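Asks: Take a look at the letters that make up each chain.
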Amino acid sequence: MNQPTPSHHPVLETRGLTVRFGGHVAVNSVSCAFHAGSLTAIVGPNGAGKTTYFNLISGQIPTTAGEVFLFGENISKLPTPSRTRRGIGRAFQLTNLFPFLTVQENVRIAVQARAGMGLDLFSLWSNHRELLEKAEYILEQVALTSQRYTQARALPHGDQRKLEVGLMLALEPEVFMFDEPTAGMSVDEVPVILDLIKKIKEQGNKTLLLVEHKMDVVRELADRIIVLHNGTLVADGEPEEVIASPIVQEAYLGAAPDKSKGTR
Amino acid sequence: MLNSLFSGDFPRSRVLTAMLIITFVGLLLTPFIFPGARAMNVGAKICIFIVLVAAFDLMLGYTGILSFAHTMFFGIGAYGVAIACDKLGPDWSSVLIGMGAGMVISAVIALVISLFSLRVRTLYFAMITLAVASAFHILCSQLGEVTGGEDGINFMVPDLIHPSTQLAEPFFGVEITGQIVAYYGLFVFALVVFLFILRVVNSPFGRVLQAIRDNEFRAAAIGYRVVVFRSISTVLGSVIAALAGSLLALWLRYNGPGSTLGFDIMMDILLIVVIGGMATMYGSVIGAAIYLIAQNYLQDLLKLVQADVEGIPVISGMLHPDRWLLWMGLAFIICVYYFPWGIVGKLRMRALGIK
Ligand SMILES: Nc1ncnc2c1ncn2[C@@H]1O[C@H](COP(=O)(O)OP(=O)(O)OP(=O)(O)O)[C@@H](O)[C@H]1O
Ligand SMILES: [Mg+2]
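Top line first, the protein sequences correspond to chains D and E.
So for the first sequence, this note's numbering puts the first residue at 1; every next one is plus one.
So for the second sequence, this note's numbering puts the first residue at 265; every next one is plus one.
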């Protein structure tokens, strides 16, 4: 998981990645490589296939055709948990937490997954201080320390979004996939997440993918933008150049994105 | 010390603590404060059902798995001991062989069922287990040479736990017979197994089970192989059910389809879980105690009350001892209505200030 990767070797790569739902091609032969230290924004109108593209990479749905490579290994046939343990991290567009566990337990269960301690049946959960400290550190980063004993289902929406990101951080992945992390957040909460994304990027060795509709956010964070349209990759390049291209202008100025729906 | 004994999972409510202490002391002293075979029988059954229901709750309350095969495993453990003692003679090695065989067979069957069907949805899993359990029930009723068919097996147990064995001088007026030894053996065994399950649900593994119950999709997404965890939970719950079955057979010196496999026993388990409260191990203690006492003594209580209302038309009919099931049903409905999280759930929430 931690092998050094020369920058010309991509950390993550998809080749001809395709999925078909009935007659509908949701992701259509997408080939793209992502390198360590880079943040790639994935944009496109609603229903373009961005979330589905993520689902194919992290293994939530099986591919119809094409492959996913992580550090050169073909992971296309691996189940989700194996991909996660190899370093793929995912924060979901639709908040996806453990509702009856507390905020602290939510993060801790992810920290424990990273530590590979799930099959310990006989020690006391409350005795593992190292896991608890790590969880506390992550709660601090997502500004949820004061809510640590609240059940996840009782959190306000913005805090649930932060916890969603916290669960991914706890996994210490190599690849971070953010799916509209700030959607529905209040203005004063957004910087917590954006600063966090910047901090991860500054580490220099992580690979970040970000689905985001807000162009100002994309402009601020991304090194590169790819555009999906009807499941097809239609543009790929420097942010300024892509934003100025007719296809993005049309997609974003033609119809304002509607964030109320989506798939996880 | 206390913390690791209770796995850091304390009752967290004064009323609950008091109820648990009363149950514990009550069970501990049953042979001395409630003399007679009947009280001891109820006490022993409570101990066995605490374990049986705790194992069921490990699967249902903590993992979100509904298995109707729980009584099948209960039966396998009971048949293991019954057949071994019957065929190999009433000594401790037969008991151990029977118990061991029951547990191993249960583990294998539970594993096979898990691997074949835990990927499917909860309801399908429940139906598959129901089918397997029904088939097993019929099989046991038919295989007369091995299981004794409908009549079951009466067998001898080692002298130490045989009721007719006199072991010592009377103690506080109670004769120390093999039955007393059997009772306390059962009591200690149940206590240890209960504390073991309490530990499992409060281990790192136990929290993963809860996470899977809450959101299996996300549990897989953060790296847990859901099927593995579910299978371990099912196997563990089933093996403990078999152990409880062995204890029951030893206590009754008998096993047959009616005493361990019947669907009424499955209903008892479900009712105890609901009354006591799901996903709290203490729920099985409180639930089993209340339910079994009611089941065994409600009729007596009604008999007493009826004597006083003799002659009053409707009321005397309502309070007829044969109506005990009606009252039990009513109590159950009221319980579910007022304590949807069970008695223990309610007490804990109240102590934590959650309404
Ligand atoms: N499991 C599925 N079964 C059938 N169709 C699906 C499934 N998942 C996604 N789709 C369809 O695939 C298309 C792409 O959906 P996707 O959620 O990937 O879009 P998106 O780009 O993430 O959109 P948004 O910006 O609204 O989040 C949509 O038409 C959607 O209805
Ligand atoms: Mg989406």
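Each hint should be verified, as a subset may be incorrect.
Stated by the list, open to error - Quick list of the computed label-pair ranges, beta carbon to beta carbon:
id : chain 1 : residue 1 : chain 2 : residue 2 : range
1  : D       : 195       : E       : 601       : 23 to 33 Å
2  : D       : 115       : E       : 385       : 49 to 59 Å
3  : E       : 601       : D       : 202       : 48 to 58 Å
4  : D       : 154       : E       : 578       : 46 to 56 Å
5  : E       : 596       : D       : 22        : 16 to 26 Å
6  : D       : 188       : E       : 456       : 47 to 57 Å
No lab work stands behind these hints, which were simulated from the structure alone.
As the structure is a prediction and not an experimental result, all values here were calculated from the model.
Quick reminder that beta carbons are idealized off the backbone N, C-alpha and C, glycines included.
Asks: If you test the structure against every hint from before, which numbers come out violated?
Replies: 1, 2, 5
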